[in-house]
Amino acid sequence: MVQSLNRTLDMKMGEDSNIILLGEDIGKDGGVFRVTEGLQAKYGEDRVIDTPLVELGIVGMAIGMSMNGLKPIPEIQFQDFIFTAFDQIVNQMAKMRYRSGGTITVPLVLRTPYGGGIRGGLYHSQSGESYFVHTSGLKVVTPSNPYDAKGLLSSSLDSKDPVIFLEPKRLYRSGKMEVPDEDYRIPLGKAKLLHEGDSVSIITYGSMVPAVLKTVTDNSLDADVLDLRTLSPMDRDSIIASARKTGRVVIVHEAPRTLGMGAEISALISESSIEYLYAPILRVTGPDVPFPYRLEDLYLPNSSRILSAVNRVLQFR
Amino acid sequence: MVQSLNRTLDMKMGEDSNIILLGEDIGKDGGVFRVTEGLQAKYGEDRVIDTPLVELGIVGMAIGMSMNGLKPIPEIQFQDFIFTAFDQIVNQMAKMRYRSGGTITVPLVLRTPYGGGIRGGLYHSQSGESYFVHTSGLKVVTPSNPYDAKGLLSSSLDSKDPVIFLEPKRLYRSGKMEVPDEDYRIPLGKAKLLHEGDSVSIITYGSMVPAVLKTVTDNSLDADVLDLRTLSPMDRDSIIASARKTGRVVIVHEAPRTLGMGAEISALISESSIEYLYAPILRVTGPDVPFPYRLEDLYLPNSSRILSAVNRVLQFR
Amino acid sequence: MSEEIVEHGDKERMIRGFGAMVLARTLNNKIMTAQRQGRVGFFTPTSGQEAAQIGLSMHLRKEDIIYQYYRDMPMMLHMGVPVDIIINQIYGNSMDIAKGRQMPSHLLARDYNFMSVPSPVATNLPLAVGTAYANRYLKKDGIVVASFGDGSSSTPDFHAAMNLAAVYNLPVIFFCENNGLAISLPTEKQTKVEIWKKAEAYGMPGILVNGSDMVDTYEKTREMVEYVRSGKGPVLIEARCPRMGPHSTSDDPTKYLTDIVKEGSDRDPLIISQKRLVEMGVITEQIASKIREDSQNFITSKFDELEKIPPPSPETLFEDVYEEPTWIIDEERGEIIGRN
Amino acid sequence: MSEEIVEHGDKERMIRGFGAMVLARTLNNKIMTAQRQGRVGFFTPTSGQEAAQIGLSMHLRKEDIIYQYYRDMPMMLHMGVPVDIIINQIYGNSMDIAKGRQMPSHLLARDYNFMSVPSPVATNLPLAVGTAYANRYLKKDGIVVASFGDGSSSTPDFHAAMNLAAVYNLPVIFFCENNGLAISLPTEKQTKVEIWKKAEAYGMPGILVNGSDMVDTYEKTREMVEYVRSGKGPVLIEARCPRMGPHSTSDDPTKYLTDIVKEGSDRDPLIISQKRLVEMGVITEQIASKIREDSQNFITSKFDELEKIPPPSPETLFEDVYEEPTWIIDEERGEIIGRN
Ligand SMILES: Cc1ncc(C[n+]2csc(CCOP(=O)(O)OP(=O)(O)O)c2C)c(N)n1
Ligand SMILES: Cc1ncc(C[n+]2csc(CCOP(=O)(O)OP(=O)(O)O)c2C)c(N)n1
Ligand SMILES: [Mg+2]
Ligand SMILES: [Mg+2]
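Residue numbers (my numbering), protein chains in the order written: chain H, 1 to 317; chain X, 1 to 317; chain A, 1 to 340; chain D, 1 to 340.
Rather than coming from a laboratory, the hints here were simulated on the basis of the structure.
We treat Cβ as the ideally placed atom computed from N, Cα and C, and that holds for glycine.
Any given hint could turn out to be false.
Listing some non-contacts, in silico: residues in chain H with all C-beta distances to chain X over 10 Å [stated by the list, open to error]:
1. Glu37
2. Gly38
3. Glu45
4. Asp46
5. Thr84
6. Arg99
7. Pro107
8. Val133
9. Arg173
10. Gly175
11. Ser199
12. Gly260
13. Ala263
14. Asn311
No farther apart than 25 Å at their CA atoms in a straight line, the calculated lysine to any residue pairs in the SDA-like style are these [what the hints assert, rightly or not]:
15. H:Lys190 with A:Pro325
16. D:Lys220 with D:Pro246
17. D:Lys11 with D:Lys255
18. X:Lys160 with D:Asn113
19. A:Lys255 with X:Lys245
20. D:Lys11 with D:Lys275
21. H:Lys28 with D:Thr249
22. A:Lys255 with X:Arg34
23. X:Lys245 with D:Glu331
24. X:Lys160 with X:Lys245
25. X:Lys71 with D:Tyr112
26. A:Lys62 with H:Asn18
27. H:Lys71 with D:Lys189
28. A:Lys189 with X:Arg47
29. X:Lys245 with H:Arg317
30. X:Lys28 with A:Glu188
31. A:Lys139 with H:Glu45
32. A:Lys232 with D:Pro186
33. D:Lys139 with X:Arg244
34. D:Lys192 with A:Asn169
35. D:Lys308 with D:Val83
36. X:Lys12 with X:Lys245
37. A:Lys192 with D:Lys197
38. H:Lys42 with H:Lys190
39. D:Lys192 with A:Arg229
40. H:Lys71 with A:Lys189
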């Protein structure tokens, strides 16, 4: 996925000189995950800006740039550090269009790696998507493979609204696949049905997609697997269609359970489609504890937990 | 409620010299809502600290105080401004016990007024409880009347864990009631059944409690009305008991719908009790838009919206 | 020095500046009265800070971009923002650019390069830096002004913005209107060091001006504005301009303040500036009185006229969250006001 | 001046300081090797910063409270934190005080007054101010030290903490270990002003010391420590101590850095400090060699021995979120590892 993101950024910067990247160590160093590798050498220090260590400044500057004709792509080195810029995101980025009566807009794409899988402990592993999805005015996107990464990043750059682009760092170096050279889009707000079945709907996104797919294949589950791709706004129609078809739903994500995305998906289904359900809506998620270092594998949802939830809803009478 | 909070703070400060208040304008001015009125004059500038304008400093200092023997009660003047201190809350306050293996604790009570009702527009009206409830390591409490305010604040001060104490500013000056002078507690994590009925469960908290009660009384609804009082951890047992009894649930809160508390309550019920439900679980909430100034009354859930949701679940077949 | 200014053709500019001061004060007083009458919801008075703001903005040009704060109505008036635009925002009516969404005082006028004011103080400062970056990158003319109060110097955003502007050498004027208080906290308890001196810690020039005197502010800030305009980098200007009223209409200053500058007293910047201008021969007492009278009539009629404009329509609650409303917002609009 | 120190009975102290430097370097190198061998998950090397840290901590007392950052292992060793406590945290094993929850380098030793290190840089600084406030209020002895890197001077937390400590005149030493880089960003691009000079903007004294020389740091920081200890208020000390290796074991410094201080070269603080001490007659080359050898043996055996300790038990994942687990956590524990 790193390569796909890097090439997409390169392509877009080549097309549009108003695209500016800014963040910590994204220039000379190429980003701690190498997503911006080579871009400063190619486009110059003015367009790929190595910033001082101040996330609220990175985000605030990006907002001010986007208000004045540029298309900034700020990077927050780890999503865990975004909270130092949280006021800028919640109170400025998300509310500028509204509070200006639509006369000022903030088109930008904030990229940041999230989630576990690199033994990063409490502060290099968090999945904070709920904080952004709860905040109206933001779009929230997360790809689960290199192909989608390109298509979603391109669509995010087309958006006239600010996009929080969450990159599952666990998938940065996995899942090699062909990514076409030409320009294409994956529309925001549309989920993808990765596997079709009639018995159960497994709704997931981002870093958990490979684990869910593997569980489904390994166990020959007769399951819909829905990759949300956009978390805000969610793809209501696809979620409801699948839930109504199978009547049994399991939601899988890495973020903690309480007020994780699973809560909203569950509420959406039970307010719109309860009469179609044969079983409780179950959530397989990270537990409501800070992210650990040594016991990371225990924290992350795995096949056995997914399977056991699926079996519970399948066997429910 | 202002008076009840003020007297409780006074009583507790009298009992325990390690209690320290800090915040903007809480001393000489007595707080912009008068909650700390007279306390600096009585306990001195060392114990009721007027701070510079820096929320992350207020919160950070409070954490450092509590790690070293004090019991601080920081105030954030409006919950809307807490996001400038959000990293301190999410990454320090909430995770200190965990990351220190339990050797360092952060017993403190962070007070802040939240919600609408004072024509405060985008930045003096937000209901951000979800941000805190999603963050494990924090307790989140909100009273709906002066009596509970005292009992919950006292229990919060007993807690060895950090408590976010959300004060519904709309109720600061309403709902006069007798508050006993003596010390008492309302346990954290316990909801209160304010009205009993068999047809529908209305689950709510904080600023919406009076509106819900009024709707129920005015329309003689045969409803359970549950005031959560503690939002984290919620009172699972009371929620489930009521939902199972009535089979019809409406959740009411002022915060926006998407990933508001309603989502978690709904998910909790549908994962534990779906077989008891006769109707969809509905949410009556603020819309997913920033909080307005002039159209505030349209934003806030009102009797007619509550009633219409109740009727929908009652009539659902 | 003052005579020199006049000779250099600044007389016109001085008169316009003074006129804007008077207009702003008149409007301020009108709003304060209307608020007490229940006709306006809230206001942060701007009295006492007119000379500071206008002393600076006399150097500004149309293409300059201003991140003003909630007391900068005088500067807006001076830079030509029509009174209607401001009063409609004070009422939050259906003609309000911000569609009645913001509390009064949180003004904006994009067409006049006045950006939008958030309540969390100083959080516009990093935006100003980004806007200045864009200006330079896009080779646009114009500098950026970011104003804020003394209390705001304690915020994270102040520190971030000052450092970034200096590191990238950007055309930003940081304009601190030090009115001596942050609500109830006096500046001496906010920080131990004079604010203009903090410029040095970031590597930019800083100066202090007497913000109660329009002419003094104008003269002393000239070099700073030129410095920024010529691309040398950012500056910090501190203008001392004591608050003349309560923090806001919700505030009772008697609790913490005894020494309030009285309207019409010899510490009132309108009086101070008027005296200077009369001494300099720019205006006469008669002209000043005429200006006051005209302002009064103009504001009164405008204010009463615009009060009749109805509030924004219910639909506006659901607009402008995104370019296009999401299904969520459509659904919520349907529930709350019915589908259209 | 150096002779004076020795005469004042500081010889013992110097030897202990040097011993700790050597021990820390030995442990650092051992961990770096172990990390390359896949035995340790991550580390931020501490080489190059030993002299700065220990030069300061030679003035500290048991009752002083230290908010160290992720490169302060040398200071911890010098202040008597047992090697076992540190190595167990490097492994994150079941004997780790933090129960294997933190990435290595994020050390803590509450019993030795070393607080816990978060990853978001500088965010401990406001905590240090609060702790100092508590100390004074409770009339406890002891000052507070808060250390951080040069990059951290740009953060909101630095600004907040510096201002608050000054406003309340609290006993805090802000100790900036300027290693010239924040990962890849050189300090000159971080800020235009030398960090020690920023003290002035907050109203506290600031000094610069040569952090590559233990003796120099020790001598120059003495007055500052006394100033803080006597209740006069906070200070800022900047110690220049170039980074000798990569930012962390995940970092490849060749991309951005050509001039790395080589181990054993005459810019290595161990070499610089050893020379000083030999010149001063505090140690001999022989003693220094002996110290190195002993350290090597000690560390190697400890490190290998503690590697055998098993990881924390699965239950620990669910402990210490709250004093008592909530029903939510109980439920989740049940789902993940089965109820007990
Ligand atoms: C981040 C933040 N915290 C708190 C407040 C509440 N508040 C509104 S104005 C104010 C004082 C601001 O003082 P100053 O910057 O000096 O501006 P002044 O009002 O004096 O013009 C405070 C604390 C706020 N608006 N934003
Ligand atoms: C708030 C925050 N942003 C970003 C990071 C990622 N990061 C880790 S260390 C570092 C550089 C810190 O530089 P400095 O303060 O000079 O300390 P040094 O590592 O050089 O000792 C960065 C950017 C972080 N840990 N915290
Ligand atoms: Mg002020
Ligand atoms: Mg550094």
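Of all the hints numbered above, which does this structure not satisfy? Sort the numbers upward.
5, 6, 8, 12, 13, 16, 17, 19, 24, 33, 36, 38 and 40
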